[in-house]
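Asker: Based on the hints, put chains B, C and D with the ligands in the right spot on chain A.
Protein chains in written order, with our numbering: chain A, 76 to 404; chain B, 76 to 404; chain C, 87 to 422; chain D, 87 to 422.
Any given hint might turn out to be false.
Stated by the list, open to error - List time: in silico DMTMM-like cross-link candidates among lysine to aspartate or glutamate, alpha-carbon distance up to 25 Å:
1. B:Lys-327 to A:Asp-364
2. A:Lys-385 to D:Asp-316
3. A:Lys-385 to D:Glu-405
4. A:Lys-385 to D:Asp-406
To be verified - Computed spacing ranges between beta-carbons, pair by pair:
5. A:Lys-273 to D:Trp-401: 37 to 47 Å
6. D:Gly-321 to C:Ala-290: 20 to 30 Å
7. C:Asp-152 to D:Lys-355: 29 to 39 Å
8. B:Gly-306 to C:Glu-117: 50 to 60 Å
9. A:Lys-273 to C:Ala-125: 45 to 55 Å
10. A:Asp-100 to C:Asp-152: 15 to 25 Å
11. C:Ala-349 to A:Gly-127: 52 to 62 Å
12. D:Ile-357 to C:Asp-347: 55 to 65 Å
No wet-lab data here; the hints were simulated from the structure.
Each residue gets a CB set at the ideal place from its N, CA and C atoms; glycine is no exception.
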Amino acid sequence: MSKTRTLTYRDAIREALREAMQRDDRVFLMGEDVGRYGGAYACSKGLLEEFGEARIRDAPLSESGFTGAGIGAALGGMRPIVEIMTVNFSLLALDQIVNTAATLRHMSGGQFSVPIVIRMATGAGRQLAAQHSHSLECWFAHVPGLRVVAPATVADARGMLWTALQDPDPVIIFEHATLYNEEGEIAAEGEFSCDLDKAAISRSGRDVSLITYSGSLSKTLDAAQRLAEDGIDCEVIDLRSLRPLDDATIMKSVNKTTRAVIVDEGWRSGSLAGEISARIVEQAFYSLDAPIERVCSEEVPIPYPSHLEKAATPQVESIVAAVRKTLRT
Amino acid sequence: MSKTRTLTYRDAIREALREAMQRDDRVFLMGEDVGRYGGAYACSKGLLEEFGEARIRDAPLSESGFTGAGIGAALGGMRPIVEIMTVNFSLLALDQIVNTAATLRHMSGGQFSVPIVIRMATGAGRQLAAQHSHSLECWFAHVPGLRVVAPATVADARGMLWTALQDPDPVIIFEHATLYNEEGEIAAEGEFSCDLDKAAISRSGRDVSLITYSGSLSKTLDAAQRLAEDGIDCEVIDLRSLRPLDDATIMKSVNKTTRAVIVDEGWRSGSLAGEISARIVEQAFYSLDAPIERVCSEEVPIPYPSHLEKAATPQVESIVAAVRKTLRT
Amino acid sequence: MATGNETKVHLAREHALELLQQMILIRRFEEKCAELYSAEKIRGFLHLYIGEEANAVGVMQALGPDDAIVATYREHGHALARGLPAGEIMAEMFGKASGSSRGRGGSMHIFDARHRFYGGNAIVGGGLPLAVGLALADKMQGNNRVTCCFFGEGAAAEGEFHEALNLASLWDLPVLFICENNGYAMGTALERSESNPDISQHAAAYSIASEAVDGMNVVEVEAAARRAVDAIRAGKGPWFLENKTYRFRAHSMFDAELYRDKAEVEKWKKIGPVIRFSEWLLETGMIHQTDIDSIEREVAQTIDDAVAFAEQAPWEPVEDLTRDVMTPPAREEVRP
Amino acid sequence: MATGNETKVHLAREHALELLQQMILIRRFEEKCAELYSAEKIRGFLHLYIGEEANAVGVMQALGPDDAIVATYREHGHALARGLPAGEIMAEMFGKASGSSRGRGGSMHIFDARHRFYGGNAIVGGGLPLAVGLALADKMQGNNRVTCCFFGEGAAAEGEFHEALNLASLWDLPVLFICENNGYAMGTALERSESNPDISQHAAAYSIASEAVDGMNVVEVEAAARRAVDAIRAGKGPWFLENKTYRFRAHSMFDAELYRDKAEVEKWKKIGPVIRFSEWLLETGMIHQTDIDSIEREVAQTIDDAVAFAEQAPWEPVEDLTRDVMTPPAREEVRP
Ligand SMILES: Cc1ncc(C[n+]2csc(CCOP(=O)(O)OP(=O)(O)O)c2C)c(N)n1
Ligand SMILES: Cc1ncc(C[n+]2csc(CCOP(=O)(O)OP(=O)(O)O)c2C)c(N)n1
Ligand SMILES: [Mg+2]
Ligand SMILES: [Mg+2]
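The shape of chain A in the complex, shown without the other chains (with noise of 0.2 Å):
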């Protein structure tokens, strides 16, 4: 067990999707392209040659369609996994997914639950503009009746499915684009899945505690490694999940370092950064020896020029001048 491997985020996806398929034969993986294609992001190449068309099924572009289809197979006792390739284009779905999935357990008044994962690419930095590049994790983080996760690490990608698919609820997966290309250590052999609940101290530190997930990990790590250089002691938290926020893993870090910044894709008004501040001043206001800071995304749809958005969302840089500033009161 001590074997390790190297692999991509994507191949990690590609490896939980395998195993899932293999494991159960209720699951099945259905969106746009994911099939001939290989997948948007190529995280199901060679999967429809392995199993067949019925089982990476290609849809036609119908968001709606095939998301309430995939809630409806759900319901009819399949473990669906439906892409949606990118964040905004989920916008089409929002519909099936808030109006349906996420209350159709309640209306029933417990009778039926909706057992669907469902993946989508999210974030900006591969300029792909404004209507390829949003961050709405906030949204969906927002609807009782979901549950969301962000993995940011090549072990999440791949042990997040298989414990997704086991929630007998709706699960949204959110996948960074930037990471699919990102390499990590997993262990060589055995089983992969982990839980879905639990925050992760990526880094730990005394000074101040460092609030991220999904895309923003790396920068916020990077963030960490130069300011140990100059000898402040960042502690880094991976959110993992964001519906629901592990409170206690925040709070237990905010009440050692007394100072928190909080790294979040999404636009600053109204992000999920907003509603991890209010729970700390609520559980933890008299550890705070200084305001909590907040690094987001700008107020304006992501632009395509490189220097643009990265202007537009979080940096290394910012993330360092939010952690001086917080530490300087």
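Answerer: Chains B, C and D with the ligands in isolation, oriented as in the chain A frame:
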């Protein structure tokens, strides 16, 4: 000008619609059942007879289609008012609202503005259960490129529409479904249009700032009244504008009272209340004498029975309790 | 009640009485609902099915217990015809814990797992993709089951309608689409919402077999539904019925009915499903007035019992407010 | 270039050269884009129109300067054929402030108010309701203008497609729908996404007049577009053309093209719009090789200029990051 008259929120909206149609022939109203039926909430009753089918335009059940058509018509020189019956149905139109209306100006480098006004009912309180009672104002307030307002009074229902129509960018107007029958006083005649930017001090006080909007305003005022009987002097802020938020008014109040309670019918996690709390911490941290309290909806799709619906949403009692709690510390 | 796969309807006396009984049950049940709405026992939105009873009753004859139903907010009739206990439906509308959906849903959200009754959907068109998915699950699992999806003609303008029809046909899924065309979507007449008001042509555009049916004639509806279900079970993919019908009452209890003439309503009432069927049965001598009287008595009793059940049913305790949002861990399935 | 309302295309030599010149401009411009993408001057998604040039070029002949265009993310060809300056388009792809959209949009979001070119929409199907609204505005204002909406056959499965067609037909709006059917939506062949791959039947289901056109033949496209525009201007409501075409390149620069045979691509290339038209013109003797040579020279110059313009164009300063999110107050219109 000192003469006043009493009318309902619904009639105020109807009057505002009528006036807008009379003042500007580019204005038209489009939505499901706005014409023959008179509007799901009867806001446009009688207008078809006055303005005809072209300008009081009944649309087929196709939220994405007619909202998108409204956006196009705005681009084409008209001033459409699109009515979406209920915020839950707006999920079907979010692609057009977020991916097009909110981004078009930016994506086009400032060449095209989208002067559309979208009105929709929101909120619980009428026992309409989980697919008709959401409060998703915070979602819209998250999106750069939109302006979001929530008239909580008859005067604002009467006055905000015309101002919204003068705005060159998309404006979303949220009308809480419990308000339509509420009565209020406004001037007998004159110019009714009012600003869209500033929060209002609905009641001034010294001990604690209660920050709220829309359907929760009257409950909050009732709570303040009840607390006044115990000698607790609450300041009540009606946000009016949810995007942009009027930080100055909020901070001025909190700096004075040193305590804040935010009342928001949205589900607690990821609520607009979270954003406001975060801003207070960022901008008025050192004034705070107690943790900020949030009174929000419970994390449950709104249930049908009255006692559960009440328990799920902010009520006078829960507001009073939150104020007492913040004062105890 | 007639069972089996025959397409021809055996209008045996017993079956005729059954059909009539079900339609009268729905009619009287809903008249009671209207009364209870005025008495403020039932709240929220209430959409009555009065005038359209032949559709739910006729179609349900063709379905077996393993088949699935997806309906709309106007679904009391479907729930009753499907065999859901009247008391539980009534208790649901009272918002009581003994209701079909523990009172959480109310009139628009009646669910029943035992009867594979998947609601109760208050999003127009929202049930169609769901039905497609249920049928997809059946197909993938090799179940020879049908999913029957009811919706109004107003839904045909929604994008979800089209996406669902395309998927059902493309993947050859066992869905029976039942468009209950009552001529109006709230106050909007079909001609004012569809550029081509011939709804079945939309089915054709997706290569789905379709038939237009007199939705005021229960026998014709049953026959058409049997033909459709037979074809679907034979693996011929989805099927589409457009049932031409009419609602005698307002859209909901809030509707002032400004958009249609009283005369039009009266005209349709004359060919109402209950009156027409019972008169015809009396004329042919298959049944007698005493049969109707005894049905009315039985139905009245059923409704009295249902109301009594709802009245005495308990309220869900407030402490349980957030139950049934997520599945509790204990109930989690362990597999494989 | 031929103008006027005649439906018959006057293939005068000058017009033929104009058509050929435009198609070659698009072809060479995009070949350059592919090169510049490899050189990382152009980033993000890049969707090439190569092989489909006859469609944009043919259709634009039928439109006047007051008409409006709505296109997709595969819109360089449409932008060029509409007359947008090549330099500004190129600068947009470079992300420069002199670009058509100040560099904010990139390849997928080219806009130009002067040419009533409304993008550039990267949501499949998203442009259709927009086009309907532009046409609605014209109708309500009494403008005799046409809105021309381009989209791929993949969009036909989206609900927004259907909602838009219904509205356009129901309200008799002056929309010219151009479905560029290139057989694939990314890797999904039409037969695998539409239960009925005959797209024009969908138009018929909404009572919209339609025609299938050889989208590899610029003359035929122009003729069909003229017929359509004439009908629309005559007040006959929307019109639908299905242009059968093919893209020679990958869907985008990320596409490994696993879903189609090389042979299929080669087959279509043989009937490519540029080669076919130029060979035919040479055969008929209407033009000579020297004409083509001089077009190529001119086009090369235009593209060189465009690249130079883009290269030397300034970057938007970072301080201006949040400009053009909301309209600044100064620019607000005062009316009435
Ligand atoms: C998506 C959506 N839009 C609007 C509504 C409001 N609404 C409820 S019922 C209805 C009319 C539906 O008409 P139809 O489909 O013909 O069914 P009917 O009520 O006639 O049975 C409307 C507009 C809704 N519930 N959902
Ligand atoms: C709503 C939406 N879903 C998915 C995508 C991803 N996507 C981009 S282009 C494309 C294929 C579109 O095919 P088609 O409409 O035929 O146009 P073509 O690319 O062939 O010109 C897809 C699936 C998108 N941009 N928007
Ligand atoms: Mg109807
Ligand atoms: Mg295509």
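Asker: Next step is simple, just say for each hint if it's right about the structure.
Answerer: Each hint, compared with the structure:
Proposed proximity of B:Lys-327 and A:Asp-364 is supported: the alpha carbons are some 22 Å apart, at most 25 Å. For the given pair, A:Lys-385 sits about 48 Å from D:Asp-316 by alpha-carbon distance, which is inconsistent with the 25 Å threshold. A threshold of 25 Å between alpha carbons decides the hint, and for A:Lys-385 with D:Glu-405 the separation of about 12 Å falls inside it, so the pair holds. Between A:Lys-385 and D:Asp-406 the alpha-carbon distance is near 13 Å, which keeps this suggested pair within the 25 Å criterion.
Between A:Lys-273 and D:Trp-401 the Cβ separation comes to about 44 Å, which falls inside the hinted range of 37 to 47 Å. As the Cβ distance of D:Gly-321 to C:Ala-290 is approximately 28 Å, the hint placing it in 20 to 30 Å holds. Checked against the given bound of 29 to 39 Å, the beta carbons of C:Asp-152 and D:Lys-355, roughly 53 Å apart, lie outside it. Roughly 55 Å separates the CB atoms of B:Gly-306 and C:Glu-117, a value that falls within the hinted 50 to 60 Å.
Between A:Lys-273 and C:Ala-125 the CB atoms are about 51 Å apart, so this pair conforms to the stated range of 45 to 55 Å. The supplied range of 15 to 25 Å is met by A:Asp-100 and C:Asp-152, whose beta-carbon atoms lie about 21 Å from each other. C:Ala-349 and A:Gly-127 have their C-beta atoms about 59 Å apart, which keeps the hinted 52 to 62 Å range intact. A C-beta distance of roughly 59 Å is found between D:Ile-357 and C:Asp-347, which places it inside the suggested range of 55 to 65 Å.
In summary, the numbered hints that this structure violates are 2, 7.
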